[in-house]
Amino acid sequence: MPKKVVSGNYAAAYAVKHARVEVVAAYPITPQTSIIEKIAEFIANGEVENLQYVPVESEHSAMAACIGASATGARTFTATSAQGLALMHEMLHWAAGARLPIVMVDVNRAMAPPWSVWDDQTDSLSQRDTGWLQFYAENNQEVYDGVLMAFKIAEHEKVNLPVMIVESAFILSHTYDVVDMPEQEEIDEFLPPRKPLYTLTDFENPFSVGALGTPADYYEFRYKIAKAMEEAKKVIKEVGKEYGERFGRDYSQMIELYRTDDAEIVFMGMGSLMGTVKEAVDILRSEGYKVGAAKVRWFRPFPREELYELAKNVEGIAVLDRNFSFGQEGILFNEAKGVLYNTDARPIMKNYIVGLGGRDLTVNDVKAIAKNMKEIIEKGKLDREIEWYHLKR
Amino acid sequence: MIEIRFHGRGGQGAVTAANILAEAAFLEGKYVQAFPFFGVERRGAPVTAFTRIDEKPIRIKTQIYEPDIVVVLDPSLLDTVDVTAGLKDGGMVIINTEKSKEEVLEKLKKKPAKLALVDATTIALEILGLPITNTSILGAVAKATGIVKIESVEKAIKETFSGELGEKNAKAAREAFEKTVVYEL
Amino acid sequence: MELPADVKKKLTLPFEEHFYAGHTACQGCGAALGLRYVLKAYGGKAIFTIPACCSTIIAGPWPYTALNAPLFHTAFETTGAVISGIEAALKAKGYKVKGEDGIMVVGWAGDGGTADIGLQALSGFLERGHDALYIMYDNEAYMNTGIQRSSSTPYGAWTTNTPGGKKHFLEQRPKKKVIDIVIAHKPAYAATASVAYPEDFMRKLKKAQTIKGPAFIQLFAPCPTGWRSPTDKTIEIARLAVQTAYFPLFEYENGKYKINMPSPNKEPKPLEEFLKLQGRFKYMTKEDIETLQEWVLREWEELKKKAEVFG
Amino acid sequence: MNTLFGEKKAKAEKLVFKSVDEYPEAPITLGTTLLNFTGDWRTFMPVVDESKCIRCYICWKFCPEPAIYIKEDGHVAIDYDYCKGCGICANECPTKAITMVREEK
Numbered sequence: 001m002p003k004k005v006v007s008g009n010y011a012a013a014y015a016v017k018h019a020r021v022e023v024v025a026a027y028p029i030t031p032q033t034s035i036i037e038k039i040a041e042f043i044a045n046g047e048v049e050n051l052q053y054v055p056v057e058s059e060h061s062a063m064a065a066c067i068g069a070s071a072t073g074a075r076t077f078t079a080t081s082a083q084g085l086a087l088m089h090e091m092l093h094w095a096a097g098a099r100l101p102i103v104m105v106d107v108n109r110a111m112a113p114p115w116s117v118w119d120d121q122t123d124s125l126s127q128r129d130t131g132w133l134q135f136y137a138e139n140n141q142e143v144y145d146g147v148l149m150a151f152k153i154a155e156h157e158k159v160n161l162p163v164m165i166v167e168s169a170f171i172l173s174h175t176y177d178v179v180d181m182p183e184q185e186e187i188d189e190f191l192p193p194r195k196p197l198y199t200l201t202d203f204e205n206p207f208s209v210g211a212l213g214t215p216a217d218y219y220e221f222r223y224k225i226a227k228a229m230e231e232a233k234k235v236i237k238e239v240g241k242e243y244g245e246r247f248g249r250d251y252s253q254m255i256e257l258y259r260t261d262d263a264e265i266v267f268m269g270m271g272s273l274m275g276t277v278k279e280a281v282d283i284l285r286s287e288g289y290k291v292g293a294a295k296v297r298w299f300r301p302f303p304r305e306e307l308y309e310l311a312k313n314v315e316g317i318a319v320l321d322r323n324f325s326f327g328q329e330g331i332l333f334n335e336a337k338g339v340l341y342n343t344d345a346r347p348i349m350k351n352y353i354v355g356l357g358g359r360d361l362t363v364n365d366v367k368a369i370a371k372n373m374k375e376i377i378e379k380g381k382l383d384r385e386i387e388w389y390h391l392k393r
Numbered sequence: 394m395i396e397i398r399f400h401g402r403g404g405q406g407a408v409t410a411a412n413i414l415a416e417a418a419f420l421e422g423k424y425v426q427a428f429p430f431f432g433v434e435r436r437g438a439p440v441t442a443f444t445r446i447d448e449k450p451i452r453i454k455t456q457i458y459e460p461d462i463v464v465v466l467d468p469s470l471l472d473t474v475d476v477t478a479g480l481k482d483g484g485m486v487i488i489n490t491e492k493s494k495e496e497v498l499e500k501l502k503k504k505p506a507k508l509a510l511v512d513a514t515t516i517a518l519e520i521l522g523l524p525i526t527n528t529s530i531l532g533a534v535a536k537a538t539g540i541v542k543i544e545s546v547e548k549a550i551k552e553t554f555s556g557e558l559g560e561k562n563a564k565a566a567r568e569a570f571e572k573t574v575v576y577e578l
Numbered sequence: 579m580e581l582p583a584d585v586k587k588k589l590t591l592p593f594e595e596h597f598y599a600g601h602t603a604c605q606g607c608g609a610a611l612g613l614r615y616v617l618k619a620y621g622g623k624a625i626f627t628i629p630a631c632c633s634t635i636i637a638g639p640w641p642y643t644a645l646n647a648p649l650f651h652t653a654f655e656t657t658g659a660v661i662s663g664i665e666a667a668l669k670a671k672g673y674k675v676k677g678e679d680g681i682m683v684v685g686w687a688g689d690g691g692t693a694d695i696g697l698q699a700l701s702g703f704l705e706r707g708h709d710a711l712y713i714m715y716d717n718e719a720y721m722n723t724g725i726q727r728s729s730s731t732p733y734g735a736w737t738t739n740t741p742g743g744k745k746h747f748l749e750q751r752p753k754k755k756v757i758d759i760v761i762a763h764k765p766a767y768a769a770t771a772s773v774a775y776p777e778d779f780m781r782k783l784k785k786a787q788t789i790k791g792p793a794f795i796q797l798f799a800p801c802p803t804g805w806r807s808p809t810d811k812t813i814e815i816a817r818l819a820v821q822t823a824y825f826p827l828f829e830y831e832n833g834k835y836k837i838n839m840p841s842p843n844k845e846p847k848p849l850e851e852f853l854k855l856q857g858r859f860k861y862m863t864k865e866d867i868e869t870l871q872e873w874v875l876r877e878w879e880e881l882k883k884k885a886e887v888f889g
Numbered sequence: 890m891n892t893l894f895g896e897k898k899a900k901a902e903k904l905v906f907k908s909v910d911e912y913p914e915a916p917i918t919l920g921t922t923l924l925n926f927t928g929d930w931r932t933f934m935p936v937v938d939e940s941k942c943i944r945c946y947i948c949w950k951f952c953p954e955p956a957i958y959i960k961e962d963g964h965v966a967i968d969y970d971y972c973k974g975c976g977i978c979a980n981e982c983p984t985k986a987i988t989m990v991r992e993e994k
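Residue numbers (this note's numbering), protein chains in the order written: chain A, 1 to 393; chain B, 394 to 578; chain C, 579 to 889; chain D, 890 to 994.
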């Protein structure tokens, strides 16, 4: 299988090409821009057939155009970041409500002000209630694999929901790394053409999509989405397993576990920072710490069952959030804690707010966090529940 | 794992140099990572770029704070930037300069174990007609460090720039490879 | 049913209906009539996009539709973008778009969804040159939310947020010339039309179908509820809007303006004839009416100039 | 009955969904508004005087419902199941062949 040294953004663009996407509607924003530039280059060089690129005038219109295209039966893609994603927010609900399997890459970037173009998960996590599935990539390979799997999962007859593949600003988007890309024929076998749930070209039995739902009916349609999200968990595992069998990289776990088998302390987090955490785990292990890492790949649907299985057997979980919900706590921490409340798995959990706006989380930082967690476990009591770890004091 | 930090100015191609070096190492079967300092620098401003090379997949996702090798594309940076910041003991510095070893060492805050000098600007001007030193300096990197073969550098350059441009840049790298002087300190 | 030949000959519009009765438009609704005409023109082979507006309701609550054509209900400000996406998808999938036998992609939006919140998406649709038609049905206020002013509301009109009162708080700004903004994009085709002149409207719809590139029609559609007018006067009011030159009929094609007035050589009727049928204008003073009349005639002269110079 | 919508009207029925499983996956419509008889919105009903009717079809043209149909003899008739009684037809009729009459309910 051919390997290439590409940036995270180019990995996304190649996946779009290999998925035989039919419509891309997108608006430029740093650090997403090189995704759409690369796609435009594919078109300019005649490397893709039947791909319509709509250079819309805003992200809101990008998502609206994707919605129109997807409702017409096309395999549809877009990409954005931070402010752009926030502008799309209304239409994210629309895409899910109309049950359209649009795939989007969000390049995680901090929300302004102050202006920032650097990595931060608050932009995508702010969209958690829109009915989109969310996958957080650790590296460029996962960006590529994620986009390909996303189409298959989104378009699955039991799902029909949009999927957001999330990658870190610059740390992945602009970092060149080795990415293994299967041959086109292999991908075509894995990802056949889309079979839409409905299409607007049905002139024989025309219908309207999204007509006024009164209190007598709206409720049931919401339940359908909730149910599809639950179904999506099974589909994610199936597709992840199939991907592994075909291409050698298994994604059947919604939470990737790293050296957690006998771990007392587990670092839990999402996205690119988990690469550094794994590196730190190896070093800490060599120093005698019983630590492991749990990378939450899918934030929506939330892997409740897998989290419970993990939490049963560990003493402490350090949740690393590169995001924050003002007035509350880190968003992953908030959700993970909530999942465990009604279970018998109650490890000590502490929230470390790290790396907001692109500040590096280094191996030394992870080591310091391990030390802190160890003390907490020995004392059997939290020093504080939420720690702004990187704060200058 | 070998960690390399490039110092240049916006427009000189430091980021491209980091990418080409990664590509060259990749061609030799290595795992690589290349990225710019995630800033918003404009043309002319000092910029930094990084390359990591390893035998196994690279997981770490931070900037490079303690490089094994520092590569300086613009001699004027020695006056304004502490290019040896965090340089590992036993580390190496490769500089594009017309100046002598002694003059250069005077400007470095930390004495490296190895110093390589090459007048990449002159080479670039002669061969490319432009003072863009990113490809020629890679010849010096191949010579001084041995982490990649000059042939791999040439190949990676030709993959990055097509046609005549690729040929010329590869030639510049080869020329620099020949002319680089390495000092064990 | 097969119609007798002499009946068929007399019909000035296509006989077939693709707009289902039982819809929930108000009595005498101009917009509903307009939608009926559009469906007649395209024989059901059109894909509609309707943003938040009265037509959201008119088209039927789930699980019923009033359109014998596919319809996507979308958010208020997105009509221009959604029709762009539909058109792109049709092309990607190899469908014929526009032309006699092609699929028509139609955006059907109110004046608020077009002149105000949807203006950006409309602009994007126009400048990118999509093969689709955008129809703004103009009832001159936000009717679906209960009659609030839009930028298409005329000077002197009462609405619920320009309610008259002791301070004479009526709409103080002239009606925004959306069609001029549209024409500034140099679209393939732009026109005004009125529900009182369905044959003219039908001709323009056919034009929009055959011409390549983006088309825009601003359709004058009285709203008896919001205009405080008798439900049986919808057509009469719409006709007077044209006859007084308050809403002149014209088209723009390839840089050329053409006025399509029913009686081209007649001087416009006094504006008051149009105003007096509508309760929304009843708070206007004599001076207000004069101001509006002046505006109408000035705009009319300007249009005539354009038709003369760029005709 | 010979109306504008013939069989479609006859077949139009209220769709009832008792369980969530009966709902379609996406909010797409499954029937037409023809089941909705809006005739009861009416206060005044249009009545056609065929002796005055010149069969110009202006009333047919301007009906927003649409609730006016053309009979085989070429005269117009009103489908009172849908006519909301707006009166446009009467107002536009050039021969005053349609009058609006207070409806007894």
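Just so you know, not all the hints are guaranteed correct.
What the hints assert, rightly or not - Restricting the straight-line Cα-Cα distance to at most 25 Å, the calculated cross-link-like pairs of lysine to any residue (SDA-like) are:
id, chain 1, residue 1, chain 2, residue 2
1, B, Lys-502, B, Leu-518
2, D, Lys-903, D, Tyr-946
3, B, Lys-481, B, Lys-502
4, A, Lys-158, A, Pro-114
5, C, Lys-586, D, Trp-930
6, C, Lys-671, A, Lys-278
7, C, Lys-588, D, Tyr-946
8, B, Lys-548, B, Arg-435
9, B, Lys-423, A, Tyr-258
10, A, Lys-278, B, Glu-448
11, D, Lys-985, C, Lys-671
12, C, Lys-587, D, Trp-930
Claimed, not checked - Pairwise CB distance ranges, derived in the manner of DEER restraints:
id, chain 1, residue 1, chain 2, residue 2, range
13, D, Trp-930, C, Lys-834, 24 to 32 Å
14, A, Thr-214, C, Glu-831, 41 to 49 Å
15, D, Gly-963, C, Pro-848, 49 to 57 Å
Hints were generated in silico from the structure; no laboratory data involved.
All of these numbers come straight from a predicted model, not from anything done at the bench.
Ideal Cβ positions, reconstructed from N, Cα and C, are used throughout, including at glycine.
Here is what the structure says about each hint:
Restraint check: the Cα-Cα separation between Lys-502 (chain B) and Leu-518 (chain B) comes to about 29 Å, which exceeds 25 Å; the hinted pair is violated. Of the supplied pair hints, the one linking Lys-903 (chain D) and Tyr-946 (chain D) is violated, its CA atoms being roughly 32 Å apart against a limit of 25 Å. For the proposed pair Lys-481 (chain B) and Lys-502 (chain B), the alpha carbon gap of about 13 Å is at most 25 Å, so the pair holds. A distance of roughly 42 Å separates the Cα atoms of Lys-158 (chain A) and Pro-114 (chain A); the hinted pair therefore is violated under the 25 Å criterion.
Distance hint between Lys-586 (chain C) and Trp-930 (chain D) is unfulfilled; the C-alpha atoms sit about 31 Å from each other, more than 25 Å. Our distance criterion of 25 Å between C-alpha atoms is broken by Lys-671 (chain C) and Lys-278 (chain A), whose separation comes to about 45 Å. At most 25 Å may separate the alpha-carbon atoms for a hinted pair to count; Lys-588 (chain C) and Tyr-946 (chain D) meet this at roughly 8 Å. With a CA separation close to 29 Å, the supplied pair Lys-548 (chain B) and Arg-435 (chain B) exceeds the 25 Å bound.
Between Lys-423 (chain B) and Tyr-258 (chain A) the alpha-carbon distance is near 24 Å, which keeps this suggested pair within the 25 Å criterion. With a C-alpha separation of about 17 Å, the suggested pairing of Lys-278 (chain A) with Glu-448 (chain B) holds against the 25 Å cut-off. As the CA atoms of Lys-985 (chain D) and Lys-671 (chain C) are separated by approximately 53 Å, the hinted pair breaks the 25 Å bound. With a CA separation close to 34 Å, the supplied pair Lys-587 (chain C) and Trp-930 (chain D) exceeds the 25 Å bound.
Against the hinted window of 24 to 32 Å, the Cβ-Cβ separation of Trp-930 (chain D) and Lys-834 (chain C) comes to about 45 Å, which falls outside the hint. In this structure the supplied range 41 to 49 Å holds for Thr-214 (chain A) paired with Glu-831 (chain C), their Cβ-Cβ distance being about 44 Å. Here the CB-CB span from Gly-963 (chain D) to Pro-848 (chain C) is close to 39 Å, at odds with the stated 49 to 57 Å.
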